[in-house]
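Residue numbers (this note's numbering), protein chains in the order written: chain G, 1 to 344; chain Z, 1 to 210.
Don't take every hint at face value.
To be verified - What the simulated footprint calls covered on chain G by chain Z, stretch by stretch (three residues with Cβ under 8 Å from a Cβ of chain Z suffice, anywhere in the stretch; the number is not a length):
(1) 68-82
(2) 242-250
(3) 286-300
(4) 321-334
Source of the hints: derived by calculation from the structure; they are not laboratory data. Glycine included, each C-beta is placed from N, C-alpha and C at the ideal position.
Below are the chains, spelled out letter by letter.
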Amino acid sequence: MRYTVLGLLALLAPAAIAAQETVQNATLQQAIQAYEALDFPKVIVQGRAALRQRLTAAERARAEELLGFAFSATSQPDSAISAFREAILLDPDRQLDARRVSPRITGYFNAALGQVLVVRQLRVDTARFISGTPGSGVPIRFTVTSPARVRTRAINGNNALLIDSSIVAGTLNLRWNGTLANGDPVPAGKWTIVVEALGAGQNTFSVSQEVQVTAGAVDTVPHLTALPGYTELPETEIPPQSGRPLGIALLYSGFAGAGALALNNGDLGTSTGREIGVAAGAALITGFVMMLKKPAPRPALGNIQYNRLLKEQLARRNTDIAQQNAQRRRQVQLSVVPIARGTR
Amino acid sequence: MNRVMVLTSLLAATAVSARAQTVLLGMHGALGDYREVSPNLRFRGTGIGGSLALRVGRFSAEGAVTRMSYDPRDKTGGDSSFHSSQIDARLGIDVASGLTAEFGLLRRTIDPELSAQEMGAARIGVRYSKLIGPGATVGLRGNYLAGAKFTGAGSAGLAFELGLLVSVGPQNGRYRLTADYGFQRIDRKVKGAKVPIEQSLVRLGVAVGF
């Protein structure tokens, strides 16, 4: 009964995997059928028998995994861990679905992971970036199962660039900025990202991923003709029609008339006032006509100041853009695309 | 008269040589009132004249020549008519919006000689102009007439000129109608005796800009 329960829990994951992997070996197929029938002793017998035959690496890893599940179901933890360890060494990226596999089996699998040194889940993202720009680069991540000195390199023919070298256990996130040692962009072509792990006791493991690097010009930024969200304001405004022109003419005429009267020399008698009358009349007629006329546009000082600041800001922005473009014309944009393993 | 020609030539030469500025060439009719010595010596006249004005940035120059014919107001007093030629020259510099500092010369000649006082003086003062509408300005002028000289000798410690200016025309400045009023009070003294002079002159004219 206990075997049945554990077997049912363990059965869910390999059933899903089995659907994806093609098994040609007849003995291994029998082992799988026995596992589906929850006949774990037979799984162990058939699995071991299959391992003694010529199998592909995937079939061998599958056989070891079946044995791991069967040993787990029959409460043989050491054997289960050993079988899982072999499966991991054969297929380092092998992963159990924690939602389908019992915690006990997952625990055995994780224990096996801790006993081997492998680099798992090496992923190189697709990226486009400007070579040499701080913070830019293509993201690289992988997981090292045991503490090890891990060296990550990019290799292309005679070029071997060290991306990172560190002692690490667990997941490591790196970024390759695509520059040579002298700071120049890497030449375009196929590059191989190689991760080598050197553990205790000269235990080593390496994994690689090919990427295609292409180089191109960096896009320049067009100059601005206007600041987004800001528009220039009219620099003149037409004041409302009023009696102000006539008022000013009256005021000035009054000043002139009063001044002439005040400055008049009494020893010479009084002036007839004909001349000031003519001039004042001309001023008042002019003021009256201007009062009826549409006022002249006058400078809108606030708007002029606003527009001046806007133009200064625009000029500053365009100066910055020009400097950026001058720099961009000297830069190279790299595109890095990982090559699928099947397309090597 | 030679001075008139020299001044006019100088202004004209400046106007021709200076480009991209405002030049106004005008002619005007004038009405005048001239009084001298006592209330009995009063003249009224009319005349014509021409003017030239130039503006370059903050700087301006004006010159006007006015020929007046004065007749005595009291024809029974035995006073005779005379002609006067008045030259007004001013250089200005804008010191603030609408405010212009001015300095220049005044020269008035009389024909026949000794019918009235010929005089000359330097002038210094300010002009304030205000735009009251599209192409229309009114302004006030106050000048002190310094160092006045007269054919009949004497001096004037106190000599003022007060003015009212009107100018209107299209905003493109192609032509302008002008009115220029000037009131002069000259407290002339000869050996301590008061022999004052006053003149009111209004010039109505038209000027063409180019």
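Worksheet item: Any hints this thing doesn't respect? Which numbers, in order?
Response: 1, 4
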